[in-house]
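Protein chains: 2
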Amino acid sequence: MLQGNILVAQGGGPTAVINQSLVGIVLEARKYASVEHVYGAMHGVTGIVNEDFLDLSQETVENLELVAQTPCSALGSTRDKPDETYCTEIFKTLKAHNIRTFFYIGGNDSSDTLRILANEARTVGYPLRCIHIPKTIDNDLTINDHTPGYPSAAKFVSNAFAGVNLDNRALKGVYVGVVMGRHAGFLTAAAALGRKFEDDGPHLIYVPERTFSMDSFIDDVQRIYNKLGRCVVAISEGIHDADGNLIVAQLAQQMETDAHGNVQLSGSGALADLLTDAIKSKTDINRVRGDTFGYLQRSFLGCVSEVDQREARDAATHGVQFANELERDGSVTIHRTSEYQIEYRLSPLEDVAGKTKVMGDQFISDCATYVTPAFLDYLRPMVGSDMMDPGRLEAPEVKKVLKNKRRLS
Amino acid sequence: MLQGNILVAQGGGPTAVINQSLVGIVLEARKYASVEHVYGAMHGVTGIVNEDFLDLSQETVENLELVAQTPCSALGSTRDKPDETYCTEIFKTLKAHNIRTFFYIGGNDSSDTLRILANEARTVGYPLRCIHIPKTIDNDLTINDHTPGYPSAAKFVSNAFAGVNLDNRALKGVYVGVVMGRHAGFLTAAAALGRKFEDDGPHLIYVPERTFSMDSFIDDVQRIYNKLGRCVVAISEGIHDADGNLIVAQLAQQMETDAHGNVQLSGSGALADLLTDAIKSKTDINRVRGDTFGYLQRSFLGCVSEVDQREARDAATHGVQFANELERDGSVTIHRTSEYQIEYRLSPLEDVAGKTKVMGDQFISDCATYVTPAFLDYLRPMVGSDMMDPGRLEAPEVKKVLKNKRRLS
Numbered sequence: 009m010l011q012g013n014i015l016v017a018q019g020g021g022p023t024a025v026i027n028q029s030l031v032g033i034v035l036e037a038r039k040y041a042s043v044e045h046v047y048g049a050m051h052g053v054t055g056i057v058n059e060d061f062l063d064l065s066q067e068t069v070e071n072l073e074l075v076a077q078t079p080c081s082a083l084g085s086t087r088d089k090p091d092e093t094y095c096t097e098i099f100k101t102l103k104a105h106n107i108r109t110f111f112y113i114g115g116n117d118s119s120d121t122l123r124i125l126a127n128e129a130r131t132v133g134y135p136l137r138c139i140h141i142p143k144t145i146d147n148d149l150t151i152n153d154h155t156p157g158y159p160s161a162a163k164f165v166s167n168a169f170a171g172v173n174l175d176n177r178a179l180k181g182v183y184v185g186v187v188m189g190r191h192a193g194f195l196t197a198a199a200a201l202g203r204k205f206e207d208d209g210p211h212l213i214y215v216p217e218r219t220f221s222m223d224s225f226i227d228d229v230q231r232i233y234n235k236l237g238r239c240v241v242a243i244s245e246g247i248h249d250a251d252g253n254l255i256v257a258q259l260a261q262q263m264e265t266d267a268h269g270n271v272q273l274s275g276s277g278a279l280a281d282l283l284t285d286a287i288k289s290k291t292d293i294n295r296v297r298g299d300t301f302g303y304l305q306r307s308f309l310g311c312v313s314e315v316d317q318r319e320a321r322d323a324a325t326h327g328v329q330f331a332n333e334l335e336r337d338g339s340v341t342i343h344r345t346s347e348y349q350i351e352y353r354l355s356p357l358e359d360v361a362g363k364t365k366v367m368g369d370q371f372i373s374d375c376a377t378y379v380t381p382a383f384l385d386y387l388r389p390m391v392g393s394d395m396m397d398p399g400r401l402e403a404p405e406v407k408k409v410l411k412n413k414r415r416l417s
Numbered sequence: 009m010l011q012g013n014i015l016v017a018q019g020g021g022p023t024a025v026i027n028q029s030l031v032g033i034v035l036e037a038r039k040y041a042s043v044e045h046v047y048g049a050m051h052g053v054t055g056i057v058n059e060d061f062l063d064l065s066q067e068t069v070e071n072l073e074l075v076a077q078t079p080c081s082a083l084g085s086t087r088d089k090p091d092e093t094y095c096t097e098i099f100k101t102l103k104a105h106n107i108r109t110f111f112y113i114g115g116n117d118s119s120d121t122l123r124i125l126a127n128e129a130r131t132v133g134y135p136l137r138c139i140h141i142p143k144t145i146d147n148d149l150t151i152n153d154h155t156p157g158y159p160s161a162a163k164f165v166s167n168a169f170a171g172v173n174l175d176n177r178a179l180k181g182v183y184v185g186v187v188m189g190r191h192a193g194f195l196t197a198a199a200a201l202g203r204k205f206e207d208d209g210p211h212l213i214y215v216p217e218r219t220f221s222m223d224s225f226i227d228d229v230q231r232i233y234n235k236l237g238r239c240v241v242a243i244s245e246g247i248h249d250a251d252g253n254l255i256v257a258q259l260a261q262q263m264e265t266d267a268h269g270n271v272q273l274s275g276s277g278a279l280a281d282l283l284t285d286a287i288k289s290k291t292d293i294n295r296v297r298g299d300t301f302g303y304l305q306r307s308f309l310g311c312v313s314e315v316d317q318r319e320a321r322d323a324a325t326h327g328v329q330f331a332n333e334l335e336r337d338g339s340v341t342i343h344r345t346s347e348y349q350i351e352y353r354l355s356p357l358e359d360v361a362g363k364t365k366v367m368g369d370q371f372i373s374d375c376a377t378y379v380t381p382a383f384l385d386y387l388r389p390m391v392g393s394d395m396m397d398p399g400r401l402e403a404p405e406v407k408k409v410l411k412n413k414r415r416l417s
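In order, the protein sequences belong to chains A and B.
Sequential numbering of the first sequence, starting at 9, is according to our numbering.
Sequential numbering of the second sequence, starting at 9, is according to our numbering.
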């Protein structure tokens, strides 16, 4: 480890386990004699420019463990993406505080920020070790088998759809649930994990890896409804037409974008409403409901995978060890070596930064509206052991005795 | 207990513990020699007209206990409200199957259905014991201190807001979460339970017990935002203007209503979008997000209060005992006799049927946009013991050393 101070920051959307990674870094880094202080930057790179640091060397283990159990970036987050001027301001602060190792916990935008920063550090001749710790509920980082944050969000989505399936079975109709996922359908696909009985929903799953057609969608819903008298649909916020245009853009007049050029998809019920309105207007189905799961997917208190917690911590701990042992920058990547064994490696930043992994063809059914058993086998070991097992009444029907009885449809 | 068969059914919106009540009735009723069979009607009163019964006498205890742990009406539900003709069809079935005691698990609409049915039974001279078992996430049944289903839904809302508060603290802005509740704000008010630190959200809570003004709302949000740089709002779907017109009706062109004349409020993101659009257009705040919690509040798998589970079971068991011991119809009501002791009574159906309880003035703060400590004292014992305790970093700030540094806002 380079002699000096260590800095840790969190970027992008929060997850249920992002503080496990933070705490993993702090606890591991404090073991090294070459580390003088462990600082935390508030709100990612913004806090570096602003010289807005906490001295995490002074946190107790007890409080750190409480923070580790708490969802959402304890240091605060940012969507800022530094340009050259921004980097210059960052280096002023890093130099002033003798920071020689920087751990940035985040997704592909954050790893790209780190790549830019590492390049600028080399250009200006500032010795800085840059380590990216993976985090994203989207599960869309290349090289990685999966990413910390995804399993807990997947568990939320699975539990949510298992619940709305039961609700929809009790009061029949069509239910459309919109799940986060701009380019990758991993989180939406997790809706299938809670299915138990043959006729359980979700009955249809639409991911951004396939082109969405409104006509086919309506036909699919009508077909399931005709068969079961009900239909539960899981749909990704990132669905788009054959030209790549977002379906939600058909409605949104003012599209809000962040510094990375991403259009705001969450925080609005527009897509669910658009889809339920289409079903209402093009079919005779009279009970049609839609929900947009929104921010609950990444922040809900008390829905977490213990496997995810362990891996988020472990990836960060390995990151500090890599920084100490290997004399290079990089991104900690997660590899599945067997069912279910995980290995951590330090991959080049360039291999992860700004790239997006999407669901492979082996995970999407040929009909394009469901997932394969291979996907469920991939997902199941990550979500932990305490998944609920829903029950159904098994009693026989009572023989009808009345003849010519008026019956309700 | 009247010699013959027993029927149980579930009406209205599902809850996390409605099957605890179902199982409570089945297990208790099977103990009585006078009870020949315990039947379950599929989809409430609809299943009675259709002679659509399961013979619950043949369920194993093991499977019943699995069903009890499963959210949402295992027998299915209905929104149907019987008129005289409908009742006539019901009696045909009850008579044909020698049903002498009917337990209907539901809210104020279901208890009103039971009241109508009990009156018609007397009119036509059909001996029928009618017992209402309380259930509603809205917590709006008169006489009752609270109702089974509410504590678990309140726990969901509390955990959801505790999570989005952390999310909103990490990525600052305004967040509006819309919670179920047509006339009563109990569920929305539960958003306050997860607050721990002084500046935690929700910072504003709007319930249907108070008139909503868009101008005041915008002012309130701006004031909190100016102070904290962020603002989390919990808002009830049932908010209305001074004339009683629903705020969401300003947008909805086609208002869907059920057989009880209720307008559809859930299953659409319209209200959250209306409110976030208003904030965006009338303030300079640039990050404004809104979620509608929708059906997850009443169906999410794995978020349940063990106190709620116990009470839902116990209320039903008492219902069967009342049917056996007392020679009258009624609604099982829940009374708090001390902090925290519960007693079950059999109240007249007329005192509960079709009536709505709203939050008392002692539960709403004078400013009308928050709840009182008395409300939190009322709610806390119901939600169970496993509420999470979020942590925050406590480390001191690092002293800034750079002078005249460019800083970001």
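No wet-lab data here; the hints were simulated from the structure.
Glycine residues also receive a C-beta, built at the ideal position from the N, C-alpha and C atoms.
Just to be clear, a hint being listed does not mean it is correct.
Stretches of chain B that chain A covers, calculated by requiring three or more beta carbons in the stretch to come under 8 Å of a beta carbon on chain A [unchecked claim]:
hint, segment
1, 37 to 43
2, 300 to 312
Have a look at the derived ranges for each label pair, beta carbon to beta carbon [what the hints assert, rightly or not]:
hint, chain 1, residue 1, chain 2, residue 2, range
3, B, E351, A, D397, 31 to 37 Å
4, B, H343, A, G237, 50 to 56 Å
5, B, N106, A, D394, 27 to 33 Å
6, A, N127, B, D292, 56 to 62 Å
7, A, E347, B, D153, 37 to 43 Å
8, B, E206, A, E405, 33 to 39 Å
9, A, R415, B, N253, 37 to 43 Å
10, B, V69, A, D251, 28 to 34 Å
11, B, R400, A, Q258, 51 to 57 Å
12, B, R414, A, E347, 21 to 27 Å
13, A, L334, B, R400, 29 to 35 Å
14, B, S373, A, D359, 52 to 58 Å
Here's how the hints hold up against the structure:
| no. | hint | result |
| --- | --- | --- |
| 1 | 37 to 43 | violated (count 0) |
| 2 | 300 to 312 | holds (count 11) |
| 3 | B:E351 x A:D397: 31 to 37 Å | holds, 34 Å |
| 4 | B:H343 x A:G237: 50 to 56 Å | violated, 40 Å |
| 5 | B:N106 x A:D394: 27 to 33 Å | violated, 44 Å |
| 6 | A:N127 x B:D292: 56 to 62 Å | violated, 35 Å |
| 7 | A:E347 x B:D153: 37 to 43 Å | violated, 51 Å |
| 8 | B:E206 x A:E405: 33 to 39 Å | violated, 58 Å |
| 9 | A:R415 x B:N253: 37 to 43 Å | holds, 39 Å |
| 10 | B:V69 x A:D251: 28 to 34 Å | violated, 58 Å |
| 11 | B:R400 x A:Q258: 51 to 57 Å | violated, 42 Å |
| 12 | B:R414 x A:E347: 21 to 27 Å | violated, 52 Å |
| 13 | A:L334 x B:R400: 29 to 35 Å | holds, 33 Å |
| 14 | B:S373 x A:D359: 52 to 58 Å | holds, 54 Å |
When each numbered hint is compared with the structure, violations occur for hints 1, 4, 5, 6, 7, 8, 10, 11 and 12.
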